[in-house]
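There are 2 protein chains.
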Amino acid sequence: MSITISVDMMSGDGGAPVAIPAVLQVLKNNADVRLLLVGDESSLRPKLEKSGSQYADRWTIEHAEEVVSMDDSPVQVLRRKKRSSMRIAINLIKEGRADACVSAGNTGALMATAHYVLKTIPGIERPAIVSAFPTVKVGQKTLLLDLGATVDNSPEQLFQFAVMGSTLAQVIHNIESPKVGLMNVGKEAIKGNEVVKQVHELLVDSELNYFGYIEGNDIFTGSVDVIVMDGFAGNVALKSIEGIVKFLMSTVKSVLCSSPWLKVLAVPAYPLLRRIKQKVDPDRYNGAMLLGLNGVVVKSHGGANSVAFSYAIQEAISAASQGVVTLIRDRVAMLLQED
Amino acid sequence: MSITISVDMMSGDGGAPVAIPAVLQVLKNNADVRLLLVGDESSLRPKLEKSGSQYADRWTIEHAEEVVSMDDSPVQVLRRKKRSSMRIAINLIKEGRADACVSAGNTGALMATAHYVLKTIPGIERPAIVSAFPTVKVGQKTLLLDLGATVDNSPEQLFQFAVMGSTLAQVIHNIESPKVGLMNVGKEAIKGNEVVKQVHELLVDSELNYFGYIEGNDIFTGSVDVIVMDGFAGNVALKSIEGIVKFLMSTVKSVLCSSPWLKVLAVPAYPLLRRIKQKVDPDRYNGAMLLGLNGVVVKSHGGANSVAFSYAIQEAISAASQGVVTLIRDRVAMLLQED
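Chains as they are written, first to last, in numbering that gives the first Met the number 0: chain Z, 0 to 338; chain F, 0 to 338.
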């Protein structure tokens, strides 16, 4: 079965110069994948014809005259940017021409547009943003949701996130019965806010493989496969993690630059640093999925480079080829709508 | 003015073997500080008389026969461990014999005991846990609260946290008019949950130097001096940060151990690693303060080593000698009780 992915080539900090090498890499690595490249035709075509002629039967340009900027508000985008590369890329799923879509555009606009165009799966009230995090256990990743699609979630909505996260872990991480953890401020039953306590009850009574309460540090311990939390706490956690990583990197840089002597001493350690970078490679963890919609939409980091952007497209291919949306629809129908 | 600090010598993972070297270091560094050392006299006295005889006029043992374990629930501790080192150390503040108290015991029990014994300052409904984080700006730290003292906070309670955090930043970080940020999932006015939007209004109308909404990564950018958030999100952020740091350290270790060759290559880089460690030294950031009570209570990390524990005591000394509680009481009276 051939998979078709629509790619928003214009949004994100890097725009087309970042997106073009990424799509060429994806076309090279996936002989059975077709790409619909959405963006300004006059700027895309010359470069693609020059470097991508050998894949010319597997890419098509879909012209879009507008671009959603990183500052555009979701409301403005919905009302006034109906001809943007982001909107058209999502429309292509709705029209049945694409199996999934990738964009590096601003999260709020992407979320609002995808929600408006594709609608949620029956039984799912709100979409969630999900992403995989590395753990200390080799080969194991943890899926975290919601990372900020919505806030003020009800217990029922958080339970729906658990069902979706568990299904995704089954499909993309090949885990038969994924362990689901509920984010809390302590492991004891008396801890937590009112919403969390109610979700706990729903999970205890469910058919999911519920592990119980977990805490922030468990994101990286591999004790569970899926972590469910409110979009507010999820977004704060995600950005705090990004913040400390940037802080540590800037500290290393400032120490290195503080003396040429330290710089020289560090040279023999470069192979070591390369290995460490490979292990925690943030590029590989690019690509958050909007879950719960009638279609696969993958959000790339706005500041992604070409390698990272290609990983996001790869994630969309993998989700689409495994039929994630259909599987979630079936699971939700089974677990949530029987009563 | 001489300051007296009561120290819970028994709680925490390390117990007395960690606490004794820490108090000796503090006595050495602070010639005007007196310590009330709370714990099992028979195990403390021999070691203290052996190594601490030169400071014998500045330390006293206060015998306590019980210890709060890391698993004791707050309710159990309040009801059944009235003769624990933690409880007695806090009682000493209430009795006017100590200016501040330090414990490495479990957070829930410490919070509950301190709240019960000391009560909140008039105008403050709930206490908060506050801690300082390093930023990319040299010498600047950010105070974060609440890190998990309570959850389900009302807008008014979060505003009270802002008043307390701002006062603390003035006193211990010497900032005349600290910039206060409100944690949110985006910087735009339409973002956020209902509670956050209401706190925003309270802050806009206040006399505090309100910066506006900030996001998780701003903890480390130094764009504000104080960050206010609900104890649920605060605790998740704190533990997620601890989790990624541990994950990165374990990755570095596993790469080093993967080949003797890499280990050899890394040797010349050790001075570099030492410098980096100095810069981000987690020991220095040990010591979270329970804010809003009629007394200074500092919580050391349960797994703190002696150096880290001594930093927590130093923090208590600094807060007590600057009269943090009185200053917060005055500021709260001025800002919160005028109407």
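Hints in this document: simulated from the structure, not taken from any laboratory. Glycine residues also receive a C-beta, built at the ideal position from the N, C-alpha and C atoms. Heads up, a few of these hints could be off.
Just the calculated beta-carbon pair ranges, DEER-fashion [claimed, not checked]: (1) F:Glu64 <-> Z:Pro270: 52 to 60 Å; (2) Z:Ser249 <-> F:Ala55: 24 to 32 Å; (3) F:Tyr115 <-> Z:Gly211: 23 to 31 Å; (4) Z:Pro259 <-> F:Tyr115: 52 to 60 Å; (5) Z:Val306 <-> F:Lys136: 26 to 34 Å; (6) F:Ser42 <-> Z:Pro259: 50 to 58 Å; (7) F:Tyr115 <-> Z:Val266: 52 to 60 Å; (8) Z:Ala55 <-> F:Lys276: 51 to 59 Å.
Simulated crosslink set (PhoX-like; lysine-lysine; CA at most 20 Å straight-line) [stated by the list, open to error]: (9) Z:Lys278 <-> F:Lys245; (10) F:Lys245 <-> Z:Lys140; (11) F:Lys245 <-> F:Lys276; (12) Z:Lys140 <-> Z:Lys276; (13) F:Lys252 <-> Z:Lys276; (14) Z:Lys262 <-> Z:Lys136; (15) F:Lys118 <-> Z:Lys245; (16) F:Lys136 <-> Z:Lys252; (17) F:Lys136 <-> Z:Lys245; (18) F:Lys140 <-> Z:Lys245; (19) F:Lys136 <-> F:Lys278; (20) F:Lys278 <-> Z:Lys252; (21) F:Lys278 <-> F:Lys140; (22) Z:Lys245 <-> Z:Lys278; (23) F:Lys118 <-> F:Lys81; (24) Z:Lys245 <-> F:Lys278; (25) Z:Lys252 <-> Z:Lys276; (26) Z:Lys262 <-> Z:Lys276; (27) F:Lys276 <-> F:Lys136; (28) Z:Lys136 <-> F:Lys81; (29) Z:Lys196 <-> Z:Lys186; (30) F:Lys278 <-> Z:Lys262; (31) F:Lys196 <-> Z:Lys276; (32) Z:Lys136 <-> F:Lys252; (33) Z:Lys276 <-> F:Lys276; (34) Z:Lys278 <-> Z:Lys136; (35) F:Lys278 <-> Z:Lys278; (36) F:Lys276 <-> Z:Lys262.
Now the hints, each set against the structure:
The given range of 52 to 60 Å is respected by Glu64 of chain F and Pro270 of chain Z, whose C-beta atoms sit roughly 56 Å from each other. At roughly 47 Å, the beta carbons of Ser249 of chain Z and Ala55 of chain F sit outside the given window of 24 to 32 Å. The beta-carbon spacing between Tyr115 of chain F and Gly211 of chain Z, approximately 28 Å, falls within the hinted interval of 23 to 31 Å. A C-beta distance of roughly 58 Å is found between Pro259 of chain Z and Tyr115 of chain F, which places it inside the suggested range of 52 to 60 Å.
The supplied range of 26 to 34 Å is met by Val306 of chain Z and Lys136 of chain F, whose beta-carbon atoms lie about 31 Å from each other. In this structure the hint that Ser42 of chain F and Pro259 of chain Z lie 50 to 58 Å apart at CB holds, the actual value being about 52 Å. For the pair Tyr115 of chain F and Val266 of chain Z, the beta carbons lie near 58 Å from each other, so the given range of 52 to 60 Å is met. At about 54 Å, the beta-carbon gap between Ala55 of chain Z and Lys276 of chain F stays in the expected band of 51 to 59 Å.
Straight-line distance between C-alpha atoms of Lys278 of chain Z and Lys245 of chain F comes to about 14 Å, which keeps the hinted pair within the 20 Å bound. About 16 Å separates the Cα atoms of Lys245 of chain F and Lys140 of chain Z, which keeps this hinted pair within 20 Å; it holds. A hinted pair counts as satisfied when its Cα atoms are at most 20 Å apart, and Lys245 of chain F with Lys276 of chain F qualifies at roughly 14 Å. Simply put, Lys140 of chain Z and Lys276 of chain Z have alpha-carbon atoms about 17 Å apart, close enough for the 20 Å limit, and the pair holds.
As the CA atoms of Lys252 of chain F and Lys276 of chain Z are separated by approximately 13 Å, the hinted pair is consistent with the 20 Å bound. Simply put, Lys262 of chain Z and Lys136 of chain Z have alpha-carbon atoms about 32 Å apart, too far for the 20 Å limit, and the pair is violated. Between Lys118 of chain F and Lys245 of chain Z, the direct Cα distance comes to roughly 40 Å. Violation of the 20 Å bound is thereby established for this hinted pair. Between the alpha carbons of Lys136 of chain F and Lys252 of chain Z the distance comes to roughly 13 Å, so the proposed pair stays at or under 20 Å and holds.
About 13 Å separates the Cα atoms of Lys136 of chain F and Lys245 of chain Z, which keeps this hinted pair within 20 Å; it holds. Restraint check for Lys140 of chain F and Lys245 of chain Z: the C-alpha separation of about 16 Å stays at or below 20 Å, so the hint holds. Of the supplied pair hints, the one linking Lys136 of chain F and Lys278 of chain F holds, its CA atoms being roughly 12 Å apart against a limit of 20 Å. This hinted pair checks out: Lys278 of chain F and Lys252 of chain Z have alpha carbons roughly 12 Å apart, not beyond 20 Å.
With a C-alpha separation of about 13 Å, the suggested pair Lys278 of chain F and Lys140 of chain F falls inside the 20 Å cut-off, and the hint holds. The straight-line distance between the Cα atoms of Lys245 of chain Z and Lys278 of chain Z is roughly 17 Å, inside the 20 Å bound, and the hint therefore holds. For the suggested pair Lys118 of chain F and Lys81 of chain F, the alpha carbons sit about 17 Å apart, so the restraint of at most 20 Å is met. Proposed proximity of Lys245 of chain Z and Lys278 of chain F is supported: the alpha carbons are some 14 Å apart, at most 20 Å.
With a C-alpha separation of about 15 Å, the suggested pairing of Lys252 of chain Z with Lys276 of chain Z holds against the 20 Å cut-off. Simply put, Lys262 of chain Z and Lys276 of chain Z have alpha-carbon atoms about 18 Å apart, close enough for the 20 Å limit, and the pair holds. At roughly 17 Å between alpha-carbon atoms, Lys276 of chain F and Lys136 of chain F fall within 20 Å of each other, so this suggested pair holds. This hinted pair does not check out: Lys136 of chain Z and Lys81 of chain F have alpha carbons roughly 42 Å apart, beyond 20 Å.
About 12 Å separates the Cα atoms of Lys196 of chain Z and Lys186 of chain Z, which keeps this hinted pair within 20 Å; it holds. A hinted pair counts as satisfied when its Cα atoms are at most 20 Å apart, and Lys278 of chain F with Lys262 of chain Z qualifies at roughly 17 Å. Of the supplied pair hints, the one linking Lys196 of chain F and Lys276 of chain Z is violated, its CA atoms being roughly 39 Å apart against a limit of 20 Å. The suggested pairing of Lys136 of chain Z with Lys252 of chain F holds, with an alpha-carbon distance near 14 Å, which does not exceed 20 Å.
Between Lys276 of chain Z and Lys276 of chain F the CA atoms are separated by roughly 19 Å; this keeps the pair inside 20 Å, and the hint holds. For the given pair, Lys278 of chain Z sits about 12 Å from Lys136 of chain Z by alpha-carbon distance, which is consistent with the 20 Å threshold. Between Lys278 of chain F and Lys278 of chain Z, the direct Cα distance comes to roughly 24 Å. Violation of the 20 Å bound is thereby established for this hinted pair. At most 20 Å may separate the alpha-carbon atoms for a hinted pair to count; Lys276 of chain F and Lys262 of chain Z meet this at roughly 16 Å.
In terms of the numbered hints stated before, the structure departs from hints 2, 14, 15, 28, 31 and 35, listed from lowest to highest.
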